[in-house]
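Asker: Keeping their order, the protein sequence lines are chains A and B.
For what it's worth, our numbering labels the leading residue of the first sequence as 43, then goes sequentially.
For what it's worth, our numbering labels the leading residue of the second sequence as 43, then goes sequentially.
To be clear, the hints were calculated from the coordinates, so they are not data collected in a lab.
Check before you lean on any hint, since a few could be wrong.
Stated by the list, open to error - Part of the chain B face toward chain A, derived, beta carbon under 8 Å:
hint, residue
1, D84
2, G115
3, L119
4, R139
5, R140
6, N142
7, Y215
8, K219
9, C249
10, Y255
Beta carbons are placed, not taken as given, at the ideal position from N, Cα and C, and that holds for glycine.
Number of protein chains: 2
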Amino acid sequence: MTYCLGIRLNAGMVFLSDSRTNAGMDQVSTFRKMIIYEKPGDRFMVMLSAGNLSVSQSIRELLQVESLKDGPGDPPLTIWNAVSMFDVARVLGATVRRVNNDDGDALQKAGIEFNPALILGGQIRGEAMRMFHVYSAGNFIEATRETCYLQIGESKYGKPVLDRAIGFDTDLYDGLKIGLISMDSTMRSNLGVGLPIDILVVRRDSCTAEVNYRIEPGEPYFQDLRERWSAALRAAHISIPRPPYRSSN
Amino acid sequence: MTYCLGIRLNAGMVFLSDSRTNAGMDQVSTFRKMIIYEKPGDRFMVMLSAGNLSVSQSIRELLQVESLKDGPGDPPLTIWNAVSMFDVARVLGATVRRVNNDDGDALQKAGIEFNPALILGGQIRGEAMRMFHVYSAGNFIEATRETCYLQIGESKYGKPVLDRAIGFDTDLYDGLKIGLISMDSTMRSNLGVGLPIDILVVRRDSCTAEVNYRIEPGEPYFQDLRERWSAALRAAHISIPRPPYRSSN
Numbered sequence: 043m044t045y046c047l048g049i050r051l052n053a054g055m056v057f058l059s060d061s062r063t064n065a066g067m068d069q070v071s072t073f074r075k076m077i078i079y080e081k082p083g084d085r086f087m088v089m090l091s092a093g094n095l096s097v098s099q100s101i102r103e104l105l106q107v108e109s110l111k112d113g114p115g116d117p118p119l120t121i122w123n124a125v126s127m128f129d130v131a132r133v134l135g136a137t138v139r140r141v142n143n144d145d146g147d148a149l150q151k152a153g154i155e156f157n158p159a160l161i162l163g164g165q166i167r168g169e170a171m172r173m174f175h176v177y178s179a180g181n182f183i184e185a186t187r188e189t190c191y192l193q194i195g196e197s198k199y200g201k202p203v204l205d206r207a208i209g210f211d212t213d214l215y216d217g218l219k220i221g222l223i224s225m226d227s228t229m230r231s232n233l234g235v236g237l238p239i240d241i242l243v244v245r246r247d248s249c250t251a252e253v254n255y256r257i258e259p260g261e262p263y264f265q266d267l268r269e270r271w272s273a274a275l276r277a278a279h280i281s282i283p284r285p286p287y288r289s290s291n
Numbered sequence: 043m044t045y046c047l048g049i050r051l052n053a054g055m056v057f058l059s060d061s062r063t064n065a066g067m068d069q070v071s072t073f074r075k076m077i078i079y080e081k082p083g084d085r086f087m088v089m090l091s092a093g094n095l096s097v098s099q100s101i102r103e104l105l106q107v108e109s110l111k112d113g114p115g116d117p118p119l120t121i122w123n124a125v126s127m128f129d130v131a132r133v134l135g136a137t138v139r140r141v142n143n144d145d146g147d148a149l150q151k152a153g154i155e156f157n158p159a160l161i162l163g164g165q166i167r168g169e170a171m172r173m174f175h176v177y178s179a180g181n182f183i184e185a186t187r188e189t190c191y192l193q194i195g196e197s198k199y200g201k202p203v204l205d206r207a208i209g210f211d212t213d214l215y216d217g218l219k220i221g222l223i224s225m226d227s228t229m230r231s232n233l234g235v236g237l238p239i240d241i242l243v244v245r246r247d248s249c250t251a252e253v254n255y256r257i258e259p260g261e262p263y264f265q266d267l268r269e270r271w272s273a274a275l276r277a278a279h280i281s282i283p284r285p286p287y288r289s290s291n
């Protein structure tokens with residue numbers, strides 16, 4: 043399994059991805075699930091991927107060269123010349139469909155579901171930051187002020203803390219911290235999600251990564267966060283009075 | 043959806059179940075998912091059910107009359123004469139298989155999965171308390187000292203708090219409290235799980251319910267618990283220092 047999280051805040055964006063990949067329990071390995079597409083000063087885009095690794099890797103590779111033609115006379119639209127992140131998401135959707143056309147039938151015959159899930163976020167100079175969740179059919183939804191985070195992969199364990207703590211006006215590094223707590227909750231409850239964790243922070247209108255870091259096992263801040271969070275949860279439930287219920291029948 | 047939780051502690055057992063049932067988003071109703079099978083002073087058993095409601099209701103009904111014959115000369119084994127909870131779980135497994143035999147094919151033709159999931163816990167006088175998770179194939183696993191809680195239905199949102207807070211020696215009412223926190227986390231993140239919540243507490247060797255209560259919307263203790271837990275989580279993540287990471291490349 044995989045857990046990836048993208049948070050679109052007023053101040054910028056935060057991306058987190060675990061790196062555990064498994065084909066059965068006895069074939070577990072580490073792959074980076076975060077990739078950057080960048081044209082310095084002009085556009086900065088990050089993609090997180092979940093699902094079958096061969097499919098994700100094909101999409102990542104082909105996205106760099108995919109082009110769309112809206113009409114016969116139109117110039118080919120690519121992620122490098124698109125003037126909006128919406129158009130970049132359309133190119134990504136087309137890439138997903140192309141990989142499905144190429145590999146989908148053969149995968150299905152082998153009993154493998156075509157199930158990529160992608161988070162694509164970034165900024166093109168002149169436009170606001172935008173973030174999308176692209177589905178296996180190539181369609182997509184966009185994160186909004188009201189729902190400012192997107193998850194792919196093993197998303198349920200880490201959702202309660204996001205639902206309680208993340209808002210559009212959350213500070214960028216508080217967003218990263220809450221994202222790490224969400225990742226920790228997921229790793230504790232699901233062996234298929236594991237360290238190292240890749241994190242990336244990009245501030246609004248900067249078009250470059252302010253943090254691009256890999257958290258390895260034993261890294262002191264993350265270890266401290268995990269211990270503090272555990273202790274705080276224990277203290278939190280201890281501080282709540284015991285239920286007063288006795289039988290009503 | 044559904045969320046049901048059974049916790050087997052040294053001091054006794056705790057059962058919780060939500061009551062939301064839906065057939066599509068526009069047909070949402072309230073059904074009790076907890077049932078008691080009791081022979082006062084002799085045996086006290088509780089069953090929680092998830093999955094298709096018609097299947098669960100058939101199982102609940104038929105379990106009362108189902109019997110198993112291990113050999114040709116053996117007397118019929120029922121939940122009322124079984125001398126161990128293991129045998130009661132076998133009778134429940136047989137009941138699940140009978141309902142699958144009766145209804146499984148017709149359900150499949152209608153595109154409905156035969157997917158019951160059941161938690162069965164209790165005590166027969168003279169034996170220890172035991173708790174089982176019975177699957178749709180009629181097979182089952184038992185809760186142990188190491189893994190002392192069982193969940194069915196929408197189990198992921200509420201699992202992190204259990205993994206951190208529940209142990210075999212947890213106090214009975216702390217167990218109930220943590221179960222309620224787990225239920226709250228699930229309800230907040232999934233609309234398919236909702237109030238009222240049925241709760242039941244049974245102390246070891248008592249063979250009767252110490253608490254058998256329905257928490258309705260607006261019930262003061264549960265409302266207070268939800269607010270305190272939210273506030274404690276907010277305080278918990280605020281108390282953790284912000285990440286120190288800056289770009290490493």
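Asker: How about Y255 of chain B: closest beta carbon in chain A under 8 Å, or not?
Answerer: 5 Å, holds
Asker: Going by Cβ atoms only, is Y215 of chain B closer than 8 Å to chain A?
Answerer: 4 Å, holds
Asker: Please verify that hint: R139 of chain B, Cβ, nearest Cβ of chain A, below 8 Å or not.
Answerer: Where the cut-off is 8 Å and the nearest Cβ of chain A is about 27 Å from R139 of chain B, the hint is violated.
Asker: Given a cut of 8 Å on the nearest C-beta pair, is the interface hint for N142 of chain B held or broken against chain A?
Answerer: It is violated, given that the least Cβ distance between N142 of chain B and chain A is near 24 Å, above 8 Å.
Asker: Under 8 Å, Cβ to Cβ, is where D84 of chain B needs to be relative to chain A, so tell me if that hint holds or is violated.
Answerer: 19 Å, violated
Asker: Return the status of the interface hint for L119 of chain B: holds when the least beta-carbon distance to chain A is below 8 Å, violated otherwise.
Answerer: 30 Å, violated
Asker: Go through the hint on G115 of chain B and say holds or violated, using the shortest Cβ distance to chain A against 8 Å.
Answerer: Interface hint status for G115 of chain B: violated (42 Å vs cutoff 8 Å).
Asker: Can we keep the K219 of chain B interface hint, with Cβ of chain A closer than 8 Å?
Answerer: 6 Å, holds
Asker: For the restraint on C249 of chain B, tell me whether the closest CB of chain A is nearer than 8 Å.
Answerer: 14 Å, violated
Asker: Hold the hint about R140 of chain B up to the distance rule: shortest CB distance to chain A must be less than 8 Å.
Answerer: With Cβ-Cβ at 31 Å, over 8 Å, it is violated.
Taken one by one, the earlier hints fail for this structure at numbers 1, 2, 3, 4, 5, 6, 9, listed in ascending order.
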